[in-house]
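J.: Listed below are the residues making up each chain.
2 protein chains.
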Amino acid sequence: MDKLSHFEMPVISGEYITAHEAVYHRLRNALMVGAIKPGTAMRIRALAQYLGHSPTPVREALRRLSSENALQVLDNRRIIVPLINAGQFEELILLRVKLECLAAERALPYVSQILIDHMITIDTQMDRAVSKKSFDALSVLNQEFHTVLYTANPNQTVMPLVESVWLQLGPFQRQMMNKTLSYYVVDHHKHIINALTQRDTKGLCNAIAADICEGVGRAGKEVFASQSEQCA
Amino acid sequence: MDKLSHFEMPVISGEYITAHEAVYHRLRNALMVGAIKPGTAMRIRALAQYLGHSPTPVREALRRLSSENALQVLDNRRIIVPLINAGQFEELILLRVKLECLAAERALPYVSQILIDHMITIDTQMDRAVSKKSFDALSVLNQEFHTVLYTANPNQTVMPLVESVWLQLGPFQRQMMNKTLSYYVVDHHKHIINALTQRDTKGLCNAIAADICEGVGRAGKEVFASQSEQCA
DNA sequence: TTTATGTAAATGATATATCTTTAACCTCGG
DNA sequence: CCGAGGTTAAAGATATATCATTTACATAAA
Chain G
1 MDKLSHFEMP VISGEYITAH EAVYHRLRNA LMVGAIKPGT AMRIRALAQY
51 LGHSPTPVRE ALRRLSSENA LQVLDNRRII VPLINAGQFE ELILLRVKLE
101 CLAAERALPY VSQILIDHMI TIDTQMDRAV SKKSFDALSV LNQEFHTVLY
151 TANPNQTVMP LVESVWLQLG PFQRQMMNKT LSYYVVDHHK HIINALTQRD
201 TKGLCNAIAA DICEGVGRAG KEVFASQSEQ CA
Chain E
1 MDKLSHFEMP VISGEYITAH EAVYHRLRNA LMVGAIKPGT AMRIRALAQY
51 LGHSPTPVRE ALRRLSSENA LQVLDNRRII VPLINAGQFE ELILLRVKLE
101 CLAAERALPY VSQILIDHMI TIDTQMDRAV SKKSFDALSV LNQEFHTVLY
151 TANPNQTVMP LVESVWLQLG PFQRQMMNKT LSYYVVDHHK HIINALTQRD
201 TKGLCNAIAA DICEGVGRAG KEVFASQSEQ CA
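These protein sequence lines map, in sequence, to chains G and E. Residues in the first sequence are numbered consecutively from 1, following this note's numbering. Residues in the second sequence are numbered consecutively from 1, following this note's numbering.
In short, the hints are calculated from the structure, not lab data. Remember, it's a predicted structure, so these values are computed and weren't measured experimentally. Heads up, a few of these hints could be off.
[What the hints assert, rightly or not] Straight-line distance between alpha carbons at most 20 Å, and here's what the computed EDC-like set of lysine to aspartate or glutamate pairs gives:
hint : chain 1 : residue 1 : chain 2 : residue 2
1    : E       : 190       : E       : 105
2    : E       : 98        : G       : 90
3    : E       : 98        : G       : 105
[What the hints assert, rightly or not] Per the computed footprint, the stretches of chain E lying under chain G, defined by three or more beta-carbons under 8 Å from a beta-carbon of chain G, are:
hint : stretch
4    : 52–60
5    : 67–77
6    : 95–107
7    : 161–174
All residues carry an ideal CB built from backbone N, CA and C; glycine is no exception.
Make the full structure from the sequences, and use the hints.
T.: Here it is in structure tokens:
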């Protein structure tokens, strides 16, 4: 439990009404930016004490994250941050491409100039984050950029699945961020914005696919190449 | 709680070790075959009493299903079987196509003759279920048919998302089954098997897309056309 | 009659106690 | 020195009690 202090779990925005929600969001954020190393065991009592709650809501939060594939329940009933191998990583990237292209396509009819401006604002903030090398901020902004687009569509069926995939890639965020930076993702965002402005469905898909594949996709390959074999 | 008897929740296969798992699987199955009508409230205490457990594991099961988008948590904290509209239904079908094509493609390299034979066996059972008009059995067999294929791939990242989508479509299973029958889905399964035998990736995708679109897809459209507007 | 308001009942959320399972360790026999 | 078996400690699972919120209902005032 003493070991948990390195989780760096930020308390986000407004207070969450229920304890389980507070715990959930705290853990989720930590996972999303890669603050918890794959393989780490999430012990209920330890977390409960660390976060100042009783075991019940902590348990719920852990189960919720497990359902979202962000945590893995072992046969021993222990819950850990999943270890994934190169093959699974590859599939997660493919999933991102398929899901996010669909999400973008479906959002396109609902995209307004105001929304595009919003995305441009976020992109500008990202440029600043890049030059400051604020990795965690960059992660969050990048997600915000994509989220703003995908949630323009009032039928929210794709987004929950996208978030599940993001969560699964989260633990590798920090390892990859360094590498990703060198590929300079932000250019692709300009392409995305162009495609939106021109209502170009095909171009939008290509831009998003490129953003993903040449960003996390390539960085991930390097990360997984350097480590021989890692089994789940 | 007296009202719950119409859930028709089968106790499936081997006993589940933990209570929350037993409850989860029971509810999941009920949702999957459409035994619980959209809009139904899932009250913790009522379910606990009905299923002979304490509230705690029931709560967990409900939360888990909520995370999988199979149940909806309202602002009032009540949990219900979601009501979806035509737009959301359309997207769920699109998701099935995209996800299942990906799952099939990724599974193809791992497909053996034994596995194909297994699928043929299931398909034969489906033919019998069709002639007997055993709708629930047909649902289960159809899922089994697809599952056997997709899980040939050892990297299981796509399948959990597929199951989430299936669960979301579940509540409409029974309404659609009648209509689906008239379109006679089983033919598409033969196409799928052919494509597998010939290792034809493109053909496989087409067959799966056809199976989905001309099965549930078309049936769903009719269901949603007949009911004017239904909001979530 | 309608609406506001207060109270009681229902329901969800959480803390706690207890039970069960798993893991760690230690002794004893080979 | 190593492994089997048993004992203890740790961690998860569940039942229960209690707290907080929401809903339902009834009463009273406009």
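J.: Now look at each hint and say whether the structure bears it out.
T.: Against the structure, the hints:
1. For a cut-off of 20 Å, the pair hint linking residue 190 of chain E to residue 105 of chain E stands: about 17 Å separates their Cα positions.
2. The suggested pairing of residue 98 of chain E with residue 90 of chain G holds, with an alpha-carbon distance near 17 Å, which does not exceed 20 Å.
3. Distance restraint check for residue 98 of chain E and residue 105 of chain G: the Cα-Cα separation of roughly 13 Å lies within the 20 Å cut-off, and the hinted pair is therefore satisfied.
4. Counting residues of the stretch 52–60 of chain E whose beta carbon lies closer than 8 Å to any beta carbon of chain G gives 3, which meets the minimum of three for the stated coverage.
5. Look at the stretch 67–77 of chain E against chain G: 3 of its residues bring a Cβ nearer than 8 Å to a Cβ of that chain, three or more, so the hint holds.
6. With 5 residues having a beta carbon nearer than 8 Å to a beta carbon of chain G, the stretch 95–107 of chain E meets the requirement of three or more and the stated coverage holds.
7. With a threshold of 8 Å between beta carbons, the proposed coverage of the stretch 161–174 of chain E by chain G holds, since 4 of its residues qualify and at least three are required.
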